[in-house]
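Colleague: If you want the building blocks of each chain, they are given just below.
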Amino acid sequence: MNLFWRELKASRKSLIIWIIGIVAMVGAGMGKFASLSGSGEAMVELMADLPKPLQAVLGLNGLDISTVMGYYGMFYLYLVIMGAVHASMLGANALAKEERDKTAEFLLAKPISRMTILLTKLSSVVVQMVIFNAVMTVSSIAFAAPYADGGASAVTSDILRLMLGTLLIQLLFASVGMAIAAAGRNPKRAGAWSAGVMLLTFFLSIAIDIREGIEALRFLTPFQYFAAPDVLNEGLSAAFIVLSIGVTLAAIAVTIAAYRRRDMQV
Amino acid sequence: MNMYLYELRMNRKSAFIWMAALAGIAGLFMSMYPTFAEGAEQFKEVLRTMPEEVLQALGLQIDSMATLLGFYSYLFLYVLLCGAIQAIHLGASIVSKETREKTADFLLAKPVTRSKIIGMKALAALTILLITNVVYFGAAALIAETVQRESFSYSAFVLINLSLLFTQLIFLAVGFAAAMLLPRLRTVLPMSLGVVFAFFMLSAVGATTGDSKLRYLTPFQYFDRAYIVQHKEYELEFVVTGVIVIAVCALITVIRYLKRDVHVS
Amino acid sequence: MPVIELNGLTKTYGGARGITDLSFTVEEGEIFGFIGPNGAGKSTTIRTMLGLIYPTGGSAKIFGKDCLQHGTEIKKEIGYLPSEVFYYDNMKVKDLLQYSASFYKKDSRKRMRELAERMELDLNKRIDDLSLGNKKKVGIVQGLLHEPRLIILDEPTSGLDPLMQQRFFELLEEENRKGATILFSSHILSEVQRLCSRVAIIKEGRLIALEKMSELKGSTYKKFKLAAKSDVDASAFGIPGVMEWKSEGGEVSFLFKGDINEILRRIAGLELENLWVEEPDLEEIFMHYYESREGAGA
Chain V
1 MNLFWRELKA
11 SRKSLIIWII
21 GIVAMVGAGM
31 GKFASLSGSG
41 EAMVELMADL
51 PKPLQAVLGL
61 NGLDISTVMG
71 YYGMFYLYLV
81 IMGAVHASML
91 GANALAKEER
101 DKTAEFLLAK
111 PISRMTILLT
121 KLSSVVVQMV
131 IFNAVMTVSS
141 IAFAAPYADG
151 GASAVTSDIL
161 RLMLGTLLIQ
171 LLFASVGMAI
181 AAAGRNPKRA
191 GAWSAGVMLL
201 TFFLSIAIDI
211 REGIEALRFL
221 TPFQYFAAPD
231 VLNEGLSAAF
241 IVLSIGVTLA
251 AIAVTIAAYR
261 RRDMQV
Chain Y
1 MNMYLYELRM
11 NRKSAFIWMA
21 ALAGIAGLFM
31 SMYPTFAEGA
41 EQFKEVLRTM
51 PEEVLQALGL
61 QIDSMATLLG
71 FYSYLFLYVL
81 LCGAIQAIHL
91 GASIVSKETR
101 EKTADFLLAK
111 PVTRSKIIGM
121 KALAALTILL
131 ITNVVYFGAA
141 ALIAETVQRE
151 SFSYSAFVLI
161 NLSLLFTQLI
171 FLAVGFAAAM
181 LLPRLRTVLP
191 MSLGVVFAFF
201 MLSAVGATTG
211 DSKLRYLTPF
221 QYFDRAYIVQ
231 HKEYELEFVV
241 TGVIVIAVCA
251 LITVIRYLKR
261 DVHVS
Chain H
1 MPVIELNGLT
11 KTYGGARGIT
21 DLSFTVEEGE
31 IFGFIGPNGA
41 GKSTTIRTML
51 GLIYPTGGSA
61 KIFGKDCLQH
71 GTEIKKEIGY
81 LPSEVFYYDN
91 MKVKDLLQYS
101 ASFYKKDSRK
111 RMRELAERME
121 LDLNKRIDDL
131 SLGNKKKVGI
141 VQGLLHEPRL
151 IILDEPTSGL
161 DPLMQQRFFE
171 LLEEENRKGA
181 TILFSSHILS
191 EVQRLCSRVA
201 IIKEGRLIAL
211 EKMSELKGST
221 YKKFKLAAKS
231 DVDASAFGIP
241 GVMEWKSEGG
251 EVSFLFKGDI
261 NEILRRIAGL
271 ELENLWVEEP
281 DLEEIFMHYY
291 ESREGAGA
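Residue numbers (UniProt numbering), protein chains in the order written: chain V, 1 to 266; chain Y, 1 to 265; chain H, 1 to 298.
A couple of the hints might just be wrong.
[Stated by the list, open to error] Listed below are the simulated DSS-like cross-link pairs for lysine-lysine, each with C-alpha atoms no more than 27 angstroms apart in a straight line:
{"id": "1", "chain 1": "V", "residue 1": "Lys9", "chain 2": "H", "residue 2": "Lys105"}
{"id": "2", "chain 1": "H", "residue 1": "Lys106", "chain 2": "H", "residue 2": "Lys222"}
{"id": "3", "chain 1": "V", "residue 1": "Lys102", "chain 2": "H", "residue 2": "Lys257"}
{"id": "4", "chain 1": "V", "residue 1": "Lys102", "chain 2": "H", "residue 2": "Lys106"}
{"id": "5", "chain 1": "V", "residue 1": "Lys102", "chain 2": "H", "residue 2": "Lys92"}
Worth flagging that the hints you see were computed from the coordinates, not collected in a lab. Remember, predicted model here, so these are calculated numbers, not experimental data.
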C-alpha cells in the first residue's frame with residue numbers, strides 16, 4: 001500500500017493539470033454549440049448527402065452536428081485522444097521512471113517482489129485513469145445537459161456509453177505503454193515509443209475514415225473501436241470490447257513476463 | 001560553434017524520424033487522393049445547390065474540395081499536427097536538457113555566457129526545423145507531382161508548405177517558454193503532446209463552428225489554407241499574431257534563462 | 001553459515017562491462033571488503049545479488065537462500081546504500097525515510113531520530129535541496145534504519161567529510177558488534193583497510209585475490225625505504241623476494257618478502273642517511289597484485 005500511495009501522490013500534480021485541461025476543453029467545446037445550433041437545418045440535410053470521405057474531411061462522420069449528441073460526438077474523438085495521450089504516457093512512465101530517476105536501486109533493494117511492484121503500479125495507473133475518465137464523464141454530462149431538450153437524462157446514457165469506450169481505450173494504451181517500458185531496453189525511450197504507437201494508430205484511424213474500402217483495418221487502431229457515430233447509433237460493439245480487453249490483457253502479460261526478467265539500467 | 005554542432009548531433013536522430021513521419025503522412029494521405037477526387041467530383045454538383053454561408057462555415061470551399069490543393073489543404077492539418085509536436089518537443093527539450101539530465105554544472109562551468117548557450121540552442125533548433133521543412137517540401141512536391149490529375153497553383157502549394165515552418169516556429173517558441181515556466185519538468189513529452197492536442201482540438205471546434213475569434217487562440221488556424229488557395233497570400237492579422245506570440249515566448253525564455261537559478265541536483 | 005555465497009556468478013552484457021565466474025563467501029559477522037578499480041564489476045555484482053539485474057550464469061545465495069527465488073524474503077534483512085544516491089522528487093528527508101521504513105514491518109521512528117542526530121541530518125529538509133554529502137547521509141540512515149542483518153555498501157564514503165566518515169565507520173562497527181554482516185565495496189583501499197577483516201580483489205570482472213586483511217598486509221611483506229649517502233648499487237639487492245625496486249636520487253624503496261637477515265646484511269653495507277621499514281599499505285600490495293597477475297597473464 002505504501003508504494004501505491006506514493007505513486008498516486010507523485011503523479012497527483014500532473015493528474016490535476018490534465019483534469020483541469022479536460023474540463024476546460026469540454027466546457028469550451030460545448031460552449032461553442034450555442035453559437036452553432038442556430039444555423040442548423042440546411043446543414044443537416046447537406047451532411048446526410050455527403051460521401052463518407054468528405055464527411056471525414058469535415059470531421060463529421062455521419063454525425064448530425066445540429067443535435068447536442070451529434071456535436072458532442074464530433075469532438076468526442078479529441079477527448080479520446082487526450083485520454084490516449086495521458087494513458088500511454090502514464091503507462092510508460094510508471095515503470096520507466098524508476099530507472100530514469102535512478103530510484104530503481106532504492107525500490108528494488110526493498111523486500112518487495114517485482115510482481116508486487118508491477119501490480120501496485122498497474123493499479124495506481126488504473127485508478128488515475130478511472131479518475132480521469134470520471135471527470136471527463138461528469139463534465140461532459142454537465143456541459144451537454146443545458147443544450148439537450150430532456151436535460152441531463154437525455155444525454156447521460158449516450159455519454160456513459162462513449163466514456164466506457166474511452167476507458168477501454170485508455171486501459172489499452174496504458175497497458176501497451178507499460179509493455180513498452182518493461183520490454184524496451186532504454187527507459188528514456190519508453191515514452192517516445194509509446195507516443196509513437198499512439199500517433200501511428202491515430203493517423204491510421206484518419207486514413208481509414210478518408211479512404212473507403214479499408215474498413216477491414218479498423219481492428220488495428222483503437223481509435224476506430226468505439227467511434228462516436230457507431231456508438232451513438234448502434235451502441236458499443238461487443239466484438240471491439242472483447243478485442244480491446246484482449247489486447248489489454250495481452251499487453252499486461254507481456255509486461256509481466258518482461259518486467260520479471262528485466263535487467264534494471266542504473 | 002561547438003555547442004551548436006553538439007546540439008545538432010544530439011537531435012539528429014529524432015529529426016530524421018520526424019522528417020520521415022511528416023513525409024510519410026503526406027504520402028499516406030496523398031495516395032488516397034485519386035479515389036477521393038473521383039468520389040468528390042460526383043458530389044460537387046450536389047454541393048453547389050447548398051447555401052454559401054453553410055459551406056463557408058465548414059472551412060473549405062466547394063470548388064477546391066476535389067482539387068489536389070483542396071485535398072492537400074485538408075491533410076496538411078495532420079502534417080501541421082505532427083510538425084507542431086516535433087517543434088514544441090524540440091523547443092522544450094533543448095532548453096531544459098541540462099536541468100533534466102543534471103548536466104547543468106557541466107555546461108554552466110564552461111567559459112561561455114548563458115546568452116551564448118541559449119542563442120546556440122535556438123540556432124540549432126531553427127536549423128533542425130529548417131532542414132525538416134526543406135526535406136518535407138521536397139517530398140511533398142514529389143508526391144503532389146505523382147498524384148496530380150490536373151495542374152495546380154504552385155505558389156499556393158509553396159505558401160501552404162511554408163506555413164508548416166511558421167507554425168513550427170510558433171510551437172518552438174511555445175516549447176521554449178513552457179520549459180522555462182515549468183522548471184521542474186522531468187519529462188517533456190506528455191506536456192508537448194497535451195499542449196499540441198489541446199490546440200488541435202480547439203482548432204477543430206473552431207473550424208466546425210466557424211468561430212472567428214477562436215482562430216486567434218490556436219496556431220493551427222493562423223494560416224487558413226482555403227484563404228491561401230484563393231488569394232495566394234497569408235492573412236496579415238494572423239501573421240502579426242504569430243509574430244507576437246513568438247516574440248513574447250522568446251522574451252520569456254531569454255529573461256528566464258539568463259536570470260534563473262539553475263538547480264543541478 | 002555463510003551470509004553471502006557466490007558460485008561462479010557471471011553476468012555478460014553486450015559490451016565490456018560484466019563479471020566472470022565470481023565465487024567467494026562472506027561469513028556471518030564479517031566486515032568484508034570488496035575492492036577494485038572503477039569499472040571492475042563491483043556494482044554489477046551487488047546489483048545481481050539484489051536482483052536488479054539477472055545473472056547469465058552461476059548463482060548467488062544470501063542467508064543460504066537463492067537470490068533469484070527468494071529475493072523478497074532476503075531483502076527484509078538487507079540494508080543497501082547505492083553508490084549513486086537515489087532521488088525522489090518533492091519529498092522531505094523524513095518522508096523518504098518513513099517511506100523506506102514502511103517496506104519493513106518494524107517501527108523505526110525512534111531509530112530514525114537517533115541515526116539522523118548522529119549523522120547530523122536535518123529531517124525536515126527537502127531532498128532536492130540537499131548537498132551530495134547530505135544525500136549520502138540520507139542513504140546511510142535509510143540503509144541502517146531497519147537494523148538489517150546484512151549491510152551492503154557500494155562506495156559509501158564519497159561526498160562525506162572526514163568527521164562524518166569517522167562517525168559512519170563507528171556506526172558500522174557498532175552494527176557489526178551487534179551481529180550485522182557488512183559487505184563494503186570500495187576503490188579506496190585505506191578505508192577498506194581500516195574496517196575490513198577480509199577482502200576480495202576484483203579486476204575486469206574477475207576475482208584476482210581473496211585474502212585475510214592480516215595476511216595481506218601482515219608479515220609477508222615489508223616496505224623498505226632508504227636514503228643513502230652515495231648511489232645504491234641495485235645489483236647488490238638482486239636477490240629473490242625483492243620487488244618494486246624504485247630508485248630516485250639518493251632514495252631507494254622496495255618491497256621485500258623473505259629472510260629479513262639476508263636483506264639487513266646487504267643494507268648494512270651501505271652508508272645511510274636514513275632508513276624506514278614499514279608495513280606496506282594495501283595500495284601497494286594491491287598494485288603489486290595487479291602487476292604480477294598481468295605479468296603472469298602476458
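Colleague: Tell me if the straight-line CA distance from Lys102 (chain V) to Lys257 (chain H) falls inside 27 angstroms.
Modeller: Judged against 27 angstroms, a Cα distance of about 47 angstroms means the pair is violated.
Colleague: Hey, Lys9 (chain V) versus Lys105 (chain H), does the alpha-carbon distance stay inside 27 angstroms?
Modeller: 22 angstroms, holds
Colleague: Run the distance test for Lys102 (chain V) versus Lys106 (chain H): straight-line Cα separation, threshold 27 angstroms.
Modeller: 26 angstroms, holds
Colleague: Are the Cα positions of Lys106 (chain H) and Lys222 (chain H) separated by 27 angstroms at most?
Modeller: 49 angstroms, violated
Colleague: Decide if the proposed pair is consistent with the structure: Lys102 (chain V) and Lys92 (chain H), CA atoms, cutoff 27 angstroms inclusive.
Modeller: 18 angstroms, holds
Of the numbered hints given earlier, the model fails hints 2 and 3; all others are met.
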